[in-house]
Structure formats: structure tokens, C-alpha cells
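Undergrad: Please build the complete structure, drawing on both the sequences and the hints.
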Amino acid sequence: MLELLDYGFMRRALVAAVLVGTIAPLVGVFVVQRRMSLIGDGMGHVALTGVAVGLLTGAAPVWTALVAAVAAAVLLEAVRATGRTGGDLALALLFYSGIAGGVVLVSLTPNGGAANLVAYLFGSVTTTTWADLAVFAGLAVIVLLILAVWGRVLYAVSEDEEFAMAIGLPVRLVNTLLLVLVATTVVLSMRVVGLLLISALMVVPVATARLFARSFVRTLLLASVIGAVVAVLGTAGSYYTATPSGGSIVLLAVATFLLAAAAVLVARRAAAWRRRRAHPDAHAHVHGGPNCEHPAVAHADHVDYLHDGHRHSPRLTPTGVDYDEH
Amino acid sequence: MMSPTERPLPAVAQPAVALPAVAQPAVAQRPAADVIAAPALVVRKATIGYRGRPVVIDADLTVEVGEVVALLGANGSGKTTLVRGLVGLAELLNGHIEVAGRPVSARLGRNSVRIGYVPQRLSPPAGIPTTAMEVVSTGLLARRTLWAAGGSAKARVRAALAEIGLAGFAGTPVFELSGGQQRRVLIARALVADPGIVILDEPTAGVDRAGVMSLVATLADLKAAGRTLVVVTHEIDVFGGVVDRTVTMVDGHLMPGAPRQGDVAGSH
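Taken in order, these protein sequences are the chains called A and B.
Numbering follows the working numbering, with no gaps: position 212 of the first sequence is 212.
One rule links them: number in the working numbering = place in the second sequence (from 1) + 1000.
Hints were generated in silico from the structure; no laboratory data involved.
A portion of the hints provided could be inaccurate.
[Claimed, not checked] With beta-carbon atoms standing in for the labels, derived distance ranges: (1) A:L265 / B:G1206: 23 to 33 Å; (2) B:D1237 / A:R276: 39 to 49 Å; (3) A:A90 / B:R1102: 38 to 48 Å; (4) B:G1171 / A:T57: 49 to 59 Å; (5) B:D1237 / A:A278: 41 to 51 Å; (6) B:R1053 / A:W150: 27 to 37 Å; (7) A:A271 / B:N1075: 41 to 51 Å; (8) A:L108 / B:A1153: 48 to 58 Å; (9) A:A71 / B:Y1050: 25 to 35 Å.
[Said to hold, decoys possible] Listed below are several chain B residues computed to face chain A (Cβ distance under 10 Å; list not exhaustive): (10) V1087; (11) R1121; (12) P1129; (13) V1135; (14) S1137; (15) L1141; (16) E1176; (17) L1186; (18) A1193.
[To be verified] Covered stretches of chain A, going by a simulated chain B footprint (3 or more residues, C-beta under 8 Å): (19) 147-155; (20) 161-168; (21) 204-216.
We put the beta carbon where it would ideally sit given N, CA and C, even for glycine.
TA: Here's what the structure looks like:
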């Protein structure tokens, strides 16, 4: 069953998968909160030029990709902060130059880098060496340290940038930092999920976690766990089905999201149906009106009405009054 | 902890001009002593705008400690620009702003943490669930002198939520709260750093009738606790019982009193 652990390349692949699966959603949660879900995708495009430069010059693609992606991150925030409009266009220009530059440069490599290109675009985790792993682990530690120290400030700026600026937080610096984190995560993840699919591992586990979690911190932690699980299972799956790891991981992440969303929808429908059945006369009258026999109780800033052993809390709706169950 | 008794009482018959600085210890002064000595806010000949272009011209305003001032004016008259200038989101092109006797930096984004700011935004981005406690906690980042804060961060956040009447809602996701409750969470976020003055930009905008009533009650509580407030609003009627004084913005000029008929009409 677990004979895949007998192979050194699979053990390395699984360690890389755990690293990437854990880290990517931790950064992704801030990206989703900023409504920049596609930024990782664009960073992946830019990193491709970096990879191509590495393949062409014989330098380690990890480092050239990191330089390209971080430079793009700093440039992006500078454009965003100073430009009035056209930030969206600047983004598009940068990203498409990135992928075009990557394709052209790779074609110039002597031993035809095409095979290499596919590995970087879609992930080829089984080719990971121990040296690669050490680099990935180092990058992962840097990302974790930055999140540990600056997490609160990142959250505050992502939650309400204007308020953050009003209380004197270095908003531009923090925005640049987030983009640098995204860039680092992209480079850290490119061998596992590939540059074209990185964004999915940052964003999809977050989309799943937010269906269940009720706080930011819990969303962050749950997304990280989901990310690690789908990354490991996807990598193992890619071994058995002989498919690229990136595709397997992302398909699994999306399947998890769809199942979770369906489950939540069914649970909500069922709860609503049970409520209606329990109160066939639901809201036939307005609580507090002349025909209301339900005792009123003060609750925080409003009045609730005791209704078959639980409380009904009035809430104004466009069409009248509705009651929340408390 | 933030109990009302610890708050300085509303000043009676204070001089309009700040007392000489000699009256205060030069260093390590307690914020409370500071607040009692000087008006909570002094705006003198302030010209405020964006990218060098003035919107508010030569504004003068003094708010005493414990006072509640309503800032009225038509849309586009410059109310919001004045508020943004006070909290460092618009440029102070000329003039002088002081909070509790200390000048506010004119540099953008480097502004005072002594002004509590309650922006107009209603629902925080719906992307990631976030609790009232988490939102209010971000207000603590305003307080650079963390060692001066009494009690743990959690206790301070709970006290701020209690102060605006949402004590039981610390763990509730903000998207489950009504519009009025969300506004009050933003008020708690401003209060948690214990600012000398709180500025609310259109607190009733987009809030339903019931929410407006609870907001007014909250502001009355804050006033009773000795808080100093500036409320930017269209709805002076609902705040009638809370507001001590009214100033009106007309085409970038700040005037004492409520708007006259012609002012509002003429500003469009």
C-alpha cells in the first residue's frame, strides 16, 4: 500500500508537498482577503522568465525565479500606490511579458528546454533533490517567520487598508511585503504544483476553509491543514496514476471544495426545512404586537421573544420583520 | 480596563486656548493630565486637500474634552476631506492641527494615533470570515506604547466591545451582524486604543432605522462616559439629544452653527 515510501524520490516529493501545502494557503488567505486571488497566477507568469534565465545561463532556476518574482512584487506595489488608474493594465502588461519572455528564453536554451518547461509549468515533484528540499525548507521558514512577526499587521492592512493608514501603519511597506510573500511562495511551490497552478494551491484550500470557519485565524489554520492534506494525497495519487503532481493536487483541492460546498448547502437547506416544520405558523404574527403571547426578554441591545424554548431575535428586512433563532 | 470612572470628566468652562506648556511636566506625562489641560482638538487655519489641491480652506475648530460636535454639510462640501485630513488620509497643506495639546504631523499616513477614526465603510470585505474580536484587535496596533496599556490585549478588546454594547459578540463573525452592529464594532476598534477624540464619518449611512436608534444610544453612552466625539452626519435630527454643538461645512469653508437653507442648496 505504502510502497511509494520505499522510493527516495517519493519521500522527498512528499516532504516537499507537505511544505508547500502548508505554506501556500497561509499566504493565500491574505491574498483572498485582499480580493487579489489571481495575483499568484500572475507572479507565476513572471517567475517563468526567471526560470528561463536560469536555464539559459546555467544558474539555479530557483534563485533566478525568486529574483524575478520579488522584483515584480516590488514593481507592482509601486505602480499600485502611485498610479491613479491603469493598475489593472500594468498588471496585465507585467504578467504577459513574464510568460512571453519565459517562452522565448527557454526556446533559446541549447538542449531544448521544452521538457524542462513543462516540469516548471505543471510541476514535477518527483525530480526534487535533497538540495532542492533544503532550499524549499529555507524559504518556508522565512515565510513562516514573516507571518509570525507581521501577521497581525498584514491582517489589519488586508482587513481595512484605510484604517490601517489612519493609525499610522506602514501600509505600502506591508503591501509590498505581502507581494514578496506571494513571490516567495510561488517559487517555493513551482516544482510541486507548477507555475500555472500555484495560485490554485494558495486560494482553493482557503475557499474550502471559509465555508466552515467563523474567524480569520481558524480559516487560516484550517486552510493550511487542507492544503497539506490535498498536497500529500495529490502527490501520492500522481505516483499511482503516473500524472503530473500539480494537476492531481489541484484537482483534489477543487474536488474537496465542491464536496464541502455541496455539504454546507445541503446542511443549510435541511436546517431551514426543520425550522419551517417546527413552526408551521412561523412568523404569522409580529412579536411584540397585540396578539403576541411570547414573553419578551432583553438581549444585549435588542429584545428577544421566547418561542418554544428558544429565543426569536427580530431583524428588520426590506419586506418587514424576520426572526433569527438564538 | 476602561471603566467610565477612569475617564476625565467633561471640562467645564475651559479657556479656548491651550494652557501654557509649562503647566505640564515636560516628560513622561500621563495622557489623562494632558487631556484635561488642553482642548481635545484644535484645528487652526487648516487647508486640507489631495495632491496639493485644496478642498477644505482655512478651517478653524476647537473641540473641548467631553464635547460632542456634529459636523454637517452637503455631499461634496468637504466634510469627509476634513475628517481624512485629521486622521492623516488627506494632506494638511497649510495650518495647524493639535490633538490634546500636541501637534499632528502634516505628513500623509504618519498621523496621530490619538484620534480614533470610524470610517464610513459598512461591511468589511466578505472574503474571509472574521470575528468582531479580530476586527477590534486591529485597533490596538495604533497604540505604539504597548507597555502603557492596562490589562491584556484580549481584556482591552472585550472592554471596548462592552463599551459599545456588544459584549456578547466577541466571537461572532462580522458578516452575521446587522449594519448598525457592524458600525459599532468599528467604533470599538477606534476606542480600543483609548484615543483622546473619536471621529465618526457618517455613522448612520446605510444603517437601518433600528440600527440608527442603537447607534444613537451608544453615542449617548460614550458621551456620558466623558468621551469626546466629532460626528459627521446628514441626520442631525436623530443625534439632537447627544450633540452639544454643530458646525457646518459649506463649499470647503467651516462655519459655526447648523446649515441655513441657502448654504446647502448653494453648495451643489
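Undergrad: What hints, given by number in increasing order, does this structure fail?
TA: none
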